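Novice: These are the residues of each chain, in order.
There are 2 protein chains.
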Amino acid sequence: MPKISNKGKQMPESPIRKLAPFAEIAKKKGHKVYHLNIGQPDIKTPEIAINAIKNINLSILEYSHSAGNESYRRKLSEFYKKQHVAVDFEDMIITTGGSEALLFALGTIMDQGDEIIIPEPFYANYSAFSTASGGSVIPVISTIETGFALPAISEFEKLITPKTKAILICNPGNPTGYLYSKDEMMQLAALVKKYDIFLIADEVYREFIYDGDTHYSVMNIPGLEEHVIMVDSVSKRYSMCGARIGCLVSKNKEVMATAMKFAQARLSPPTVEQIACEAAIDTPDSYFEEVISEYKGRRDTLIAELNKIEGVIVIKPKAAFYCIAQLPVDNTDKFAQWLLESYDFNGETVMVAPAAGFYSTPGMGLNQVRIAYVLNKEDLIRSVQILKEAIKVYNSI
Amino acid sequence: MPKISNKGKQMPESPIRKLAPFAEIAKKKGHKVYHLNIGQPDIKTPEIAINAIKNINLSILEYSHSAGNESYRRKLSEFYKKQHVAVDFEDMIITTGGSEALLFALGTIMDQGDEIIIPEPFYANYSAFSTASGGSVIPVISTIETGFALPAISEFEKLITPKTKAILICNPGNPTGYLYSKDEMMQLAALVKKYDIFLIADEVYREFIYDGDTHYSVMNIPGLEEHVIMVDSVSKRYSMCGARIGCLVSKNKEVMATAMKFAQARLSPPTVEQIACEAAIDTPDSYFEEVISEYKGRRDTLIAELNKIEGVIVIKPKAAFYCIAQLPVDNTDKFAQWLLESYDFNGETVMVAPAAGFYSTPGMGLNQVRIAYVLNKEDLIRSVQILKEAIKVYNSI
Numbered sequence: 001m002p003k004i005s006n007k008g009k010q011m012p013e014s015p016i017r018k019l020a021p022f023a024e025i026a027k028k029k030g031h032k033v034y035h036l037n038i039g040q041p042d043i044k045t046p047e048i049a050i051n052a053i054k055n056i057n058l059s060i061l062e063y064s065h066s067a068g069n070e071s072y073r074r075k076l077s078e079f080y081k082k083q084h085v086a087v088d089f090e091d092m093i094i095t096t097g098g099s100e101a102l103l104f105a106l107g108t109i110m111d112q113g114d115e116i117i118i119p120e121p122f123y124a125n126y127s128a129f130s131t132a133s134g135g136s137v138i139p140v141i142s143t144i145e146t147g148f149a150l151p152a153i154s155e156f157e158k159l160i161t162p163k164t165k166a167i168l169i170c171n172p173g174n175p176t177g178y179l180y181s182k183d184e185m186m187q188l189a190a191l192v193k194k195y196d197i198f199l200i201a202d203e204v205y206r207e208f209i210y211d212g213d214t215h216y217s218v219m220n221i222p223g224l225e226e227h228v229i230m231v232d233s234v235s236k237r238y239s240m241c242g243a244r245i246g247c248l249v250s251k252n253k254e255v256m257a258t259a260m261k262f263a264q265a266r267l268s269p270p271t272v273e274q275i276a277c278e279a280a281i282d283t284p285d286s287y288f289e290e291v292i293s294e295y296k297g298r299r300d301t302l303i304a305e306l307n308k309i310e311g312v313i314v315i316k317p318k319a320a321f322y323c324i325a326q327l328p329v330d331n332t333d334k335f336a337q338w339l340l341e342s343y344d345f346n347g348e349t350v351m352v353a354p355a356a357g358f359y360s361t362p363g364m365g366l367n368q369v370r371i372a373y374v375l376n377k378e379d380l381i382r383s384v385q386i387l388k389e390a391i392k393v394y395n396s397i
Numbered sequence: 001m002p003k004i005s006n007k008g009k010q011m012p013e014s015p016i017r018k019l020a021p022f023a024e025i026a027k028k029k030g031h032k033v034y035h036l037n038i039g040q041p042d043i044k045t046p047e048i049a050i051n052a053i054k055n056i057n058l059s060i061l062e063y064s065h066s067a068g069n070e071s072y073r074r075k076l077s078e079f080y081k082k083q084h085v086a087v088d089f090e091d092m093i094i095t096t097g098g099s100e101a102l103l104f105a106l107g108t109i110m111d112q113g114d115e116i117i118i119p120e121p122f123y124a125n126y127s128a129f130s131t132a133s134g135g136s137v138i139p140v141i142s143t144i145e146t147g148f149a150l151p152a153i154s155e156f157e158k159l160i161t162p163k164t165k166a167i168l169i170c171n172p173g174n175p176t177g178y179l180y181s182k183d184e185m186m187q188l189a190a191l192v193k194k195y196d197i198f199l200i201a202d203e204v205y206r207e208f209i210y211d212g213d214t215h216y217s218v219m220n221i222p223g224l225e226e227h228v229i230m231v232d233s234v235s236k237r238y239s240m241c242g243a244r245i246g247c248l249v250s251k252n253k254e255v256m257a258t259a260m261k262f263a264q265a266r267l268s269p270p271t272v273e274q275i276a277c278e279a280a281i282d283t284p285d286s287y288f289e290e291v292i293s294e295y296k297g298r299r300d301t302l303i304a305e306l307n308k309i310e311g312v313i314v315i316k317p318k319a320a321f322y323c324i325a326q327l328p329v330d331n332t333d334k335f336a337q338w339l340l341e342s343y344d345f346n347g348e349t350v351m352v353a354p355a356a357g358f359y360s361t362p363g364m365g366l367n368q369v370r371i372a373y374v375l376n377k378e379d380l381i382r383s384v385q386i387l388k389e390a391i392k393v394y395n396s397i
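As given, the protein sequences belong to chains Z and V, one line each in that order.
Quick note, the first sequence lines up with residues 1 to 397 if you use full-length UniProt numbering.
Quick note, the second sequence lines up with residues 1 to 397 if you use full-length UniProt numbering.
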């Protein structure tokens with residue numbers, strides 16, 4: 001039998017997907033499963049985007065430009081400018097989701113054996129994309145006690161080698177819900193300048209910020225134009241995860257010219273979905289106000305409920321729609337599987353994402369879970385109630 | 001300034017894109033440019049697919065399954081079965097275009113320094129995808145005199161090393177229009193079995209076969225289930241290039257499980273376009289009959305006209321909608337650029353794809369061009385007339 005690649009063997013499996021067969025078991029038993037594990041919002045896509053799809057006026061579904069439709073890029077640059085983020089349409093390549101933007105970014109800067117440093121816990125697919133690019137992730141630990149604030153710069157410096165090509169952050173953070181301050185961003189800026197490496201910021205949750213905080217985009221750091229690569233996506237902004245439209249943004253011309261070669265090789269991002277995304281830019285502010293208010297309410301509800309469980313440690317996230325909670329159980333991989341396979345509370349159970357999958361340091365996050373607050377408040381209250389009862393039962397067996 | 005990757009530096013630029021700035025020059029001069037250079041058909045997308053988009057009934061544009069919607073995969077497997085190609089829905093992963101299927105296939109089997117052997121001339125992006133996967137393409141030369149038939153198996157064997165992971169063919173061929181016979185496929189089958197390597201077949205032009213020939217799919221080779229990976233796409237079948245929907249097909253469970261890790265990392269293929277593709281499977285046979293008849297007519301016209309030019313060598317292609325023509329000029333890179341930059345025939349000129357970009361052996365294909373017959377017959381006749389006049393002028397300066 002012919003051999004598959006080492007790269008293929010090393011590609012990590014999604015920590016959430018591993019649980020999927022057990023969710024099937026729960027469903028086969030007729031149990032209702034509350035999904036606290038996923039990043040698929042239940043928020044409606046703006047009507048203006050859906051209508052653009054319904055009103056599509058094409059007789060041939062042609063390739064678009066490899067960098068994406070120019071009309072979309074121009075409108076997107078206006079969108080950023082309104083947010084006080086200085087991005088020209090020539091600074092961006094429209095990608096097939098934020099995922100492809102990450103792949104292009106890592107392909108552009110990483111060779112076999114190269115490294116990128118990422119504060120952990122981090123979005124599990126960063127590891128997959130690094131592996132696909134022949135490189136690896138070097139984690140720097142952030143802790144639940146600080147709410148997953150930026151680790152000390154000295155901790156990053158200990159890990160920098162000649163193979164280090166970039167520092168990658170997710171801001172706001174998935175899975176942490178942490179929002180880096182301007183001061184933290186400036187510390188990172190000084191660091192990447194000092195070592196002349198890239199700073200990649202995944203800003204796909206940039207809209208989801210609560211309590212009057214503001215998002216400080218990596219694109220706004222003065223004097224860092226050559227070092228910065230931003231990744232963005234419409235997936236969460238407009239609840240258009242299935243559109244698979246993202247973008248790669250940089251002022252570094254060499255980065256953009258190189259990423260463009262990757263973009264040309266795959267021809268173009270999807271045509272219909274780009275049209276929907278262009279229309280979505282005219283989504284009224286009231287849409288976001290409602291969405292943010294809804295998420296803020298869910299967050300407050302979730303955190304209040306979680307804090308009622310003895311032994312739970314959770315810090316109220318500032319942004320995005322995730323939190324990491326430490327549970328009074330021995331091992332959340334086992335616990336999450338048990339919840340689906342063996343537990344129900346009046347015919348209902350919950351699915352959570354064990355946090356070990358968001359760490360690359362072995363042994364980290366073993367008693368933590370990621371909870372996505374993408375359910376309505378009533379369901380969140382019910383879910384945490386189930387979780388509370390389940391912890392009692394789990395710890396008594 | 002931080003450094004980009006060697007991989008990024010090595011990524012080849014598309015041979016056609018290099019000419020794009022010169023096409024702009026021609027257009028700025030007010031010249032009409034006939035595009036013989038591109039693979040974007042002018043054929044209408046089936047109405048049934050466009051209507052599926054217009055009638056979309058979604059309020060949230062959600063992620064689909066990472067392997068694509070199961071309903072689409074099941075229907076697609078029925079489509080293949082009608083074509084006597086035995087593919088189950090579990091043997092496929094829906095990808096973002098045939099491009100992503102190629103990337104998944106190469107990522108699954110290639111590590112840094114690995115090689116794949118491809119008969120040249122070949123679709124230029126195969127090089128790009130190999131580079132992105134850390135490997136490289138080893139070409140085996142096929143010749144215009146044989147119409148680009150399969151090179152002797154002994155020529156392949158000379159190139160096989162422990163680093164050889166696969167043989168990749170495009171069948172029917174872009175840019176050659178060649179259709180491999182069952183006998184040629186059997187020769188390849190014996191070869192990959194002997195050396196226990198993969199056989200990857202890009203079959204995206206499988207529908208475009210003229211003169212009563214039949215396509216012998218790589219999936220139908222008996223006993224080769226573990227060695228075969230097929231790449232397909234809706235781009236040409238339904239003139240839906242912009243949908244970016246393709247698929248990766250294999251009966252090898254390890255290949256599929258590994259490719260699935262790449263698929264999960266990028267989450268899912270586009271949702272709306274998958275719905276359109278599922279609907280497209282019900283496209284009536286009459287659509288294909290018309291399209292094939294149209295292309296056959298175009299091919300016959302093109303070849304007849306090209307043969308009227310003294311010094312042109314071209315063999316009538318059996319399939320797809322391309323041919324490679326040898327022109328009586330010194331260098332088609334220079335000639336193609338000159339056509340756009342400096343030539344016009346009554347205000348009109350043509351854009352062709354210099355064939356050197358489809359070879360990886362330096363110096364090959366220098367007097368060849370790829371012509372795509374994706375224009376109507378009248379325009380094809382006019383284009384070749386311009387080409388004929390242009391060759392005269394070019395050779396007299």
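Don't read these hints as lab results, they were simulated from the structure.
Just so it is clear, the structure is predicted and the values come from calculations on it, not from any experiment.
Don't take each hint at face value.
It does not matter which identical chain is meant; a pair holds if it fits inside one copy or across any two.
[Stated by the list, open to error] Below 20 Å or equal to it, Euclidean Cα-Cα: the simulated DMTMM-like pairs (lysine to aspartate or glutamate) are:
hint: 1; residue 1: Lys9; residue 2: Glu115
hint: 2; residue 1: Lys296; residue 2: Asp183
hint: 3; residue 1: Lys253; residue 2: Glu13
hint: 4; residue 1: Lys253; residue 2: Glu157
hint: 5; residue 1: Lys3; residue 2: Glu341
hint: 6; residue 1: Lys296; residue 2: Asp379
hint: 7; residue 1: Lys3; residue 2: Glu289
hint: 8; residue 1: Lys44; residue 2: Glu62
hint: 9; residue 1: Lys316; residue 2: Asp330
hint: 10; residue 1: Lys27; residue 2: Glu70
hint: 11; residue 1: Lys75; residue 2: Glu90
hint: 12; residue 1: Lys28; residue 2: Glu348
hint: 13; residue 1: Lys3; residue 2: Glu225
hint: 14; residue 1: Lys29; residue 2: Glu70
hint: 15; residue 1: Lys253; residue 2: Glu289
hint: 16; residue 1: Lys316; residue 2: Asp379
Novice: Evaluate each hint against the coordinates.
Specialist: Checked hints:
1. Lys9 with Glu115: both (19 Å within a copy, 18 Å between copies)
2. Lys296 with Asp183: Intra 24 Å, inter 66 Å, cutoff 20 Å: neither.
3. Lys253 with Glu13: Between. Shortest inter-copy distance 16 Å satisfies the 20 Å Cα cut-off; intra-copy 34 Å does not.
4. Lys253 with Glu157: Neither: 27 Å inside a chain and 43 Å across chains, both beyond 20 Å.
5. Lys3 with Glu341: So Lys3 and Glu341 fail the 20 Å test inside a copy (35 Å) and across (49 Å) alike.
6. Lys296 with Asp379: Within one copy only: 15 Å inside a chain, 60 Å across chains, cut-off 20 Å.
7. Lys3 with Glu289: neither (53 Å within a copy, 41 Å between copies)
8. Lys44 with Glu62: between (28 Å within a copy, 10 Å between copies)
9. Lys316 with Asp330: neither (23 Å within a copy, 70 Å between copies)
10. Lys27 with Glu70: This pair counts as between: shortest inter-copy Cα distance 18 Å, intra-copy 46 Å.
11. Lys75 with Glu90: within (12 Å within a copy, 41 Å between copies)
12. Lys28 with Glu348: Within one copy only: 12 Å inside a chain, 67 Å across chains, cut-off 20 Å.
13. Lys3 with Glu225: between (43 Å within a copy, 14 Å between copies)
14. Lys29 with Glu70: neither (51 Å within a copy, 22 Å between copies)
15. Lys253 with Glu289: For Lys253 and Glu289, the Cα distance exceeds 20 Å both inside one copy (36 Å) and across copies (47 Å).
16. Lys316 with Asp379: within (19 Å within a copy, 66 Å between copies)
Checked against the numbered hints given earlier, the structure breaks hints 2, 4, 5, 7, 9, 14 and 15 and satisfies all the rest.
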